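S.K.: As a plain string of letters, each chain reads:
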Amino acid sequence: MDLISKKELLAVTGISYGQLYRWKRQGLIPEEWFIKRSAYTGQETFFPREQILSRIRTIQGAKDDYSLEELSRLLRPQAAPGFCPVERLPEVREISPALLPLIARLCHKETCEFYEVVVFAAVSQILAAGAVPLERASDLLSMALGAVEGFADLSDATLTLFREGEDQPLHLLLSKTAAPLALDRGLETLGSWDLGPIAGTINLKYQKGRN
Amino acid sequence: MRSIKINAVAGGIFDPGEYGNVEINGIARCTGSFSAEDLEINGVLKAQGAVRCDEGEINGSMECAGRLDAGEMEICGAVLAAGDAGIETLEVDGALTVTGKLECSSVTCDGAIKVSEDMTAATIEVDGALNVKGGVFADTIEVDGVLNAGGQVSADKVHVEGVIAAAEVVGDEVVIWQQGRAFTGLGITITKGDKKISVGSDSGRREQRTSTIGLIEATTIVLEMVNVQTVNGTDVTIGPGCVIENLDCNGVLRIDPSAQVHNITGDYTIAAD
Chain A
1 MDLISKKELL AVTGISYGQL YRWKRQGLIP EEWFIKRSAY TGQETFFPRE QILSRIRTIQ
61 GAKDDYSLEE LSRLLRPQAA PGFCPVERLP EVREISPALL PLIARLCHKE TCEFYEVVVF
121 AAVSQILAAG AVPLERASDL LSMALGAVEG FADLSDATLT LFREGEDQPL HLLLSKTAAP
181 LALDRGLETL GSWDLGPIAG TINLKYQKGR N
Chain B
1 MRSIKINAVA GGIFDPGEYG NVEINGIARC TGSFSAEDLE INGVLKAQGA VRCDEGEING
61 SMECAGRLDA GEMEICGAVL AAGDAGIETL EVDGALTVTG KLECSSVTCD GAIKVSEDMT
121 AATIEVDGAL NVKGGVFADT IEVDGVLNAG GQVSADKVHV EGVIAAAEVV GDEVVIWQQG
181 RAFTGLGITI TKGDKKISVG SDSGRREQRT STIGLIEATT IVLEMVNVQT VNGTDVTIGP
241 GCVIENLDCN GVLRIDPSAQ VHNITGDYTI AAD
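As you go down the protein sequences, you meet chains A and B in turn. Under our numbering, the first sequence has 108 at position 108, and the numbering climbs by one with no breaks. Under our numbering, the second sequence has 57 at position 57, and the numbering climbs by one with no breaks.
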């Protein structure tokens, strides 16, 4: 995992120690992202680079429009029932239009739950990265929906795709973001996608319209 | 709604349930959980369940076997909550022991509070003693007495004029100094926006007591009589009596000549004053 030290984080983002710890207390930055490692000065704190930079950009971009409490609620979405009517999925720009017919075939209901919209957006990213061809997207959607349903905290979840070899079935692993993964050499990792930034973005952009 | 008043010397037993006023002047026991609008205990109460009240005044002693919830609670006697406690406004002049976590809005502690897990509040004012085995999380913490924390103390503003021992103290502004100690070379006023932090203005004398902390990390740090393993800050003032192992500063740095700082790193400028 690519890590960034606390000192570098403050320098790169321009935030202060006070802001960092205030956001942690408010639950905007998960405790699990504070990773302590031994250093010659005793202990140093590191963060998962992509997740923390993305989260701080999100907070900085939204903090003028929302209170910290509202932001905390939006970035740690609860499983509120009925997030988005299926007919409005085309308005969610994070979902690839190519996926919409597949989603319509898979979801025989009027509204989608929040986790489902996050999965649709994550699978769209996987397709855009070329990790999986469109013809396997239906399998991928089914697998991802099954894995993500019931996962307690999407803001701290990473989806990893792997297979035994070319033309072999895809497999999917859902884990906590900062958790190290060790797979045996017989498995080929196709990539990892953090659901936290996707969930945060979707909730921030589309939750407001629901209220 | 029923009210209850027990003046019995012994054997005053009442049922679980909802009450208007509960007043105990003798010795009483509730056989389960109860809630009350007003709770006044001048004697002894043992509840074999959870206790909830809008307003509580404990001048005697109360023990509850479950969670304790209150809107306002003033404790001049002793309270033991064998579980978590959630008290909106808490004033402790006596003693409060919570075996779980304590969540409050405002806490004033002139007596003693012991918490076995974490403590969370908007504001915490300690003139007595606060002992927390876990972390302490608040917007502002002001300590004139003693604060011991086994975990992290995190607040926008941590002002200590007494003694603090903690694994970590982090936030925006951390000021730890000895009230009443006569300063010789550290009469400091730090201006931050429209706020001013004045240190070293008191001319009285008190016994010097040293605070011990593993890590202090904040935007603004002012220390006196503190032993710290690591200090990381933007604007840092190290006053007399400090012993610091590692210091990283990336703003303005002041160090009193009598302080011991072993390793200094960062992109800092030494204050001209």
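Treat each hint with caution, since some may be false.
To be verified - Taking lysine to aspartate or glutamate pairs in the EDC-like style, the calculated list, with each CA pair at most 16 Å apart, reads: (1) A:6 <-> B:248; (2) A:24 <-> B:248; (3) A:36 <-> B:168.
Unchecked claim - These stretches of chain B come out as covered by chain A in the derived footprint (C-beta under 8 Å, 3 or more residues): (4) 106 to 117; (5) 168 to 177; (6) 215 to 225.
Worth flagging that the hints you see were computed from the coordinates, not collected in a lab. In this text the structure is predicted, and so the values were computed from the model without any measurement. The beta carbon of each residue, even a glycine, is placed where N, CA and C say it ideally should be.
S.K.: Quick check: which numbered hints come out false for this structure?
M.R.: 2, 4
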